[in-house]
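A.B. asks: From first to last, the protein sequence lines are chains R and B. Numbers in our numbering are just positions in the first sequence, counted from 1, shifted up by 479. Numbers in our numbering are just positions in the second sequence, counted from 1, shifted up by 68.
Derived by calculation from the structure, the hints in this document are not laboratory data. Treat the hints with care, since some could be wrong.
As the list claims (entries may be wrong) - With beta-carbon atoms standing in for the labels, derived distance ranges:
| # | chain 1 | residue 1 | chain 2 | residue 2 | range |
| --- | --- | --- | --- | --- | --- |
| 1 | R | G568 | B | E145 | 52 to 60 Å |
| 2 | B | E142 | R | P649 | 32 to 40 Å |
| 3 | R | D576 | B | D203 | 35 to 43 Å |
| 4 | B | D203 | R | T546 | 36 to 44 Å |
| 5 | B | D213 | R | T546 | 40 to 48 Å |
| 6 | B | E142 | R | S541 | 51 to 59 Å |
| 7 | B | K205 | R | A895 | 48 to 56 Å |
Claimed, not checked - Below 27 Å or equal to it, Euclidean Cα-Cα: the simulated DSSO-like pairs (lysine-lysine) are:
| # | chain 1 | residue 1 | chain 2 | residue 2 |
| --- | --- | --- | --- | --- |
| 8 | B | K97 | B | K308 |
| 9 | B | K251 | B | K89 |
| 10 | R | K621 | R | K642 |
| 11 | R | K936 | B | K191 |
| 12 | R | K537 | R | K654 |
| 13 | R | K936 | B | K205 |
Cβ atoms here follow ideal geometry from the backbone N, Cα and C, with glycine treated the same way.
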Amino acid sequence: MVTPNSEIEVDREKGNFRFSEHHKYDAGVGLSEKVIDYICDVKEEDQWIRDFRKRALKVFESKPMPTNWATKDLENIDFDKIRYYLSGGNRASKSWDDVPDDVKETFERLGIPENERKFLAGVEAQFDSEAAYSNIKESVGKQGVIFMGSTEALMKHPEIFKKWFGKVIPTGDNKFSALNSAVFSGGSFIYVPKGVKVSHPLQAYFRINAENFGQFERTLIIADEGSEVTYMEGCTAPKFDTATLHSAVVELVALPGAKIEYVTVQNWSSNVFNLVTKRAIAHEGATVKWIDCNIGSRLTMKYPGVVLKGKGARGEVLSIALANDGQHQDTGAKMIHAADETSSNIISKSISVGKGRSTYRGQVHMPKNLKGCKNNTECDALLINENSRTDTYPAITVRGNRNAVQHEASVSKVSAEQIFYMQQRGLSEAAAMSLSVNGFVNDLTRQFPMEYSVELKRLIELEMEGSVG
Amino acid sequence: MSNTLEIKNLNVSIGDKQILKDFSLTVPKGEVHAIMGPNGTGKSTLAKAMAGHPEYEVTSGEVIIDGENIMEMEADERSRAGLFLAFQYPMEIPGVTIANFIRAALNARLPDDEELNAPDYYKELYAKMDLLKIDRKFTARAVNDGFSGGEKKRCEILQMAMLNPKYAVLDETDSGLDIDALKVVAEGVNSMRGPNLGALVITHYQRLLDYIVPDVVHVMYDGRIVKSGDKNLALELESKGYEWVKELAGEAAAS
Numbered sequence: 480m481v482t483p484n485s486e487i488e489v490d491r492e493k494g495n496f497r498f499s500e501h502h503k504y505d506a507g508v509g510l511s512e513k514v515i516d517y518i519c520d521v522k523e524e525d526q527w528i529r530d531f532r533k534r535a536l537k538v539f540e541s542k543p544m545p546t547n548w549a550t551k552d553l554e555n556i557d558f559d560k561i562r563y564y565l566s567g568g569n570r571a572s573k574s575w576d577d578v579p580d581d582v583k584e585t586f587e588r589l590g591i592p593e594n595e596r597k598f599l600a601g602v603e604a605q606f607d608s609e610a611a612y613s614n615i616k617e618s619v620g621k622q623g624v625i626f627m628g629s630t631e632a633l634m635k636h637p638e639i640f641k642k643w644f645g646k647v648i649p650t651g652d653n654k655f656s657a658l659n660s661a662v663f664s665g666g667s668f669i670y671v672p673k674g675v676k677v678s679h680p681l682q683a684y685f686r687i688n689a690e691n692f693g694q695f696e697r698t699l700i701i702a703d704e705g706s707e708v709t710y711m712e713g714c715t716a717p718k719f720d721t722a723t724l725h726s727a728v729v730e731l732v733a734l735p736g737a738k739i740e741y742v743t744v745q746n747w748s749s750n751v752f753n754l755v756t757k758r759a760i761a762h763e764g765a766t767v768k769w770i771d772c773n774i775g776s777r778l779t780m781k782y783p784g785v786v787l788k789g790k791g792a793r794g795e796v797l798s799i800a801l802a803n804d805g806q807h808q809d810t811g812a813k814m815i816h817a818a819d820e821t822s823s824n825i826i827s828k829s830i831s832v833g834k835g836r837s838t839y840r841g842q843v844h845m846p847k848n849l850k851g852c853k854n855n856t857e858c859d860a861l862l863i864n865e866n867s868r869t870d871t872y873p874a875i876t877v878r879g880n881r882n883a884v885q886h887e888a889s890v891s892k893v894s895a896e897q898i899f900y901m902q903q904r905g906l907s908e909a910a911a912m913s914l915s916v917n918g919f920v921n922d923l924t925r926q927f928p929m930e931y932s933v934e935l936k937r938l939i940e941l942e943m944e945g946s947v948g
Numbered sequence: 069m070s071n072t073l074e075i076k077n078l079n080v081s082i083g084d085k086q087i088l089k090d091f092s093l094t095v096p097k098g099e100v101h102a103i104m105g106p107n108g109t110g111k112s113t114l115a116k117a118m119a120g121h122p123e124y125e126v127t128s129g130e131v132i133i134d135g136e137n138i139m140e141m142e143a144d145e146r147s148r149a150g151l152f153l154a155f156q157y158p159m160e161i162p163g164v165t166i167a168n169f170i171r172a173a174l175n176a177r178l179p180d181d182e183e184l185n186a187p188d189y190y191k192e193l194y195a196k197m198d199l200l201k202i203d204r205k206f207t208a209r210a211v212n213d214g215f216s217g218g219e220k221k222r223c224e225i226l227q228m229a230m231l232n233p234k235y236a237v238l239d240e241t242d243s244g245l246d247i248d249a250l251k252v253v254a255e256g257v258n259s260m261r262g263p264n265l266g267a268l269v270i271t272h273y274q275r276l277l278d279y280i281v282p283d284v285v286h287v288m289y290d291g292r293i294v295k296s297g298d299k300n301l302a303l304e305l306e307s308k309g310y311e312w313v314k315e316l317a318g319e320a321a322a323s
């Protein structure tokens, strides 16, 4: 354990610290109906949620692991050894002063309260299964914007919650969405009223502190007609010898003319299985943009999608994945065109370092009856070492002749000559590599919110430093 | 000796083939030396071996900068010790702008807790770009990415001007340049001449030396220097041709 006020090291190890556990609520080890009852009791949930969860458990149990197309590493998850619910309490504080000291210090070390003061419209900070802190700037709250943990939202705004919950991503979408539906806890709930443009980003921060634990947050964002919101999420966990599971479900609804931008910088420690389902529905004239950066974790499987349901809707996925030794970033995007004149854009950049492996999986679907739809897909992979690996699996289904699709893919390598050239100018080998990697992702990161591109650049530098002996 | 670049009995191989053979040369600070010689004689090998290219195996010998042997150093340490190499074929670094690249190189020379002052940096960068007749828009272009031959060479000289090396090796900087570009590059190099810089200009043709007038000219053949003299040696070599060099080499070997 770390004493308060100790010097904080800013590096890859930034998230690698933990406090001893003292959970008020602990559902024990393993998954069963009893665990679900425990969670429902603690959260004082309505019967419909209890039923929903129990149905989801059955779906989860009935679905096989998707190892027919995905990595066999999934078989190393032992669901009987995971703890599914741990919390210090089920109510988030509105003031950092009321947050328990060790939890508060955790988030201070991660810079969350500071960022909140500097540039955020609201913050939610989740510690293991529940939000420890949740607050929104008064001015934003007055506009009618709701931003709180999903546990609290289920109690306070059941009518909005129930209307959209599970509608974008049904329980049975995949094995892990079913698991999340059974044991979900925490995550954000956002409702932005008609025409309201939230000027600053709302941020959620997910922290895993406990060992042998699974975090299953559930996020639901509804942007009403003509509204705009940017949501950013970050995450870290200490590094344990045992596997940690993070399996979230994120549902976005952009009503006509609304704009949602969802930014993720995933920096889980290298023992975390990060298996996340993210999808949005974009109604007429709405825009949804996913910015998805995966730096950490042991295995990430995540394919943010947009269902382009209304005429003129636009979906975008900009993603960066960095796979270092022992990591597999299996990421991509899904664009389901379901109305005329919808457009989508996918730009994916992956970097494989050492024995790291990155995989791109994309799905673009345009049925025959539509017209005026467009998709642009670009996947670029950068290999740093001889034994790095990258795979691309694009699946583009375009029917009819009234739609346009273009797809470009490239694989490049950082050559020894490039590194020598940069070293000759005085840059260390690690600095030279991180500069090339940053150069590779530069045209993408320029489109990111400033604070996040700075953070990302720093994380890439730290990864590259660690990768050079 | 301080204030000199000394190359002492340098032996360099690539694979099984020995390229440099007991190569020795001293360049005092404040002087410009030219190395001329036919293709395949080891000129570029000399440049790369000095800079610490990993594919060139230095079997023996020393390169000493102001009294400090740099041969045990990594390439980046040699650079920070004051050695600059203007590449014959500069590498492209996609996505990294010239401004960011040079800034990173300068930051690498500062202590960990210090950062370059951005306004001062840009002021200096723009002044040196003006001198080299490089459009200021270039700062936002990726290093050498899509550059013409002339642009690449000017970019090399710009980096040299910004990094202020103690000693610079210019490897065939004239190759691929038309006469106008050559003049601009030469002007840039000449503007840096002075008591704080020693330069080694490697060239195949005498033409460059009309614009960068050397203090000493060395003729190289088969991995060693076979004759040294003043600037007139370059003209003599130009008129007599490289066949003459072979004769000189024969004499040198016999003596």
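A.B. asks: Each hint needs a verdict: does it hold in this structure or not?
C.D. replies: These are the hints, each one checked on the structure:
1. At about 55 Å, the beta-carbon gap between G568 of chain R and E145 of chain B stays in the expected band of 52 to 60 Å.
2. Distance hint check for E142 of chain B and P649 of chain R: the Cβ-Cβ separation is about 56 Å, which falls outside the suggested range of 32 to 40 Å.
3. Our hint of 35 to 43 Å for D576 of chain R and D203 of chain B is violated, since their Cβ atoms are close to 56 Å apart.
4. Checked against the given bound of 36 to 44 Å, the beta carbons of D203 of chain B and T546 of chain R, roughly 56 Å apart, lie outside it.
5. At roughly 42 Å, the beta-carbon separation of D213 of chain B and T546 of chain R lies within the given 40 to 48 Å, and the hint holds.
6. Between E142 of chain B and S541 of chain R the C-beta distance comes to about 58 Å, which sits within the given range of 51 to 59 Å.
7. For K205 of chain B and A895 of chain R, the Cβ-Cβ distance of about 31 Å falls outside the hinted range of 48 to 56 Å, so the restraint is violated.
8. A distance of roughly 31 Å separates the Cα atoms of K97 of chain B and K308 of chain B; the hinted pair therefore is violated under the 27 Å criterion.
9. Only pairs whose Cα atoms come within 27 Å are accepted, and K251 of chain B paired with K89 of chain B is rejected, the gap being roughly 34 Å.
10. With a CA separation close to 23 Å, the supplied pair K621 of chain R and K642 of chain R stays within the 27 Å bound.
11. With a CA separation close to 25 Å, the supplied pair K936 of chain R and K191 of chain B stays within the 27 Å bound.
12. Distance hint between K537 of chain R and K654 of chain R is fulfilled; the C-alpha atoms sit about 10 Å from each other, no more than 27 Å.
13. This hinted pair checks out: K936 of chain R and K205 of chain B have alpha carbons roughly 24 Å apart, not beyond 27 Å.
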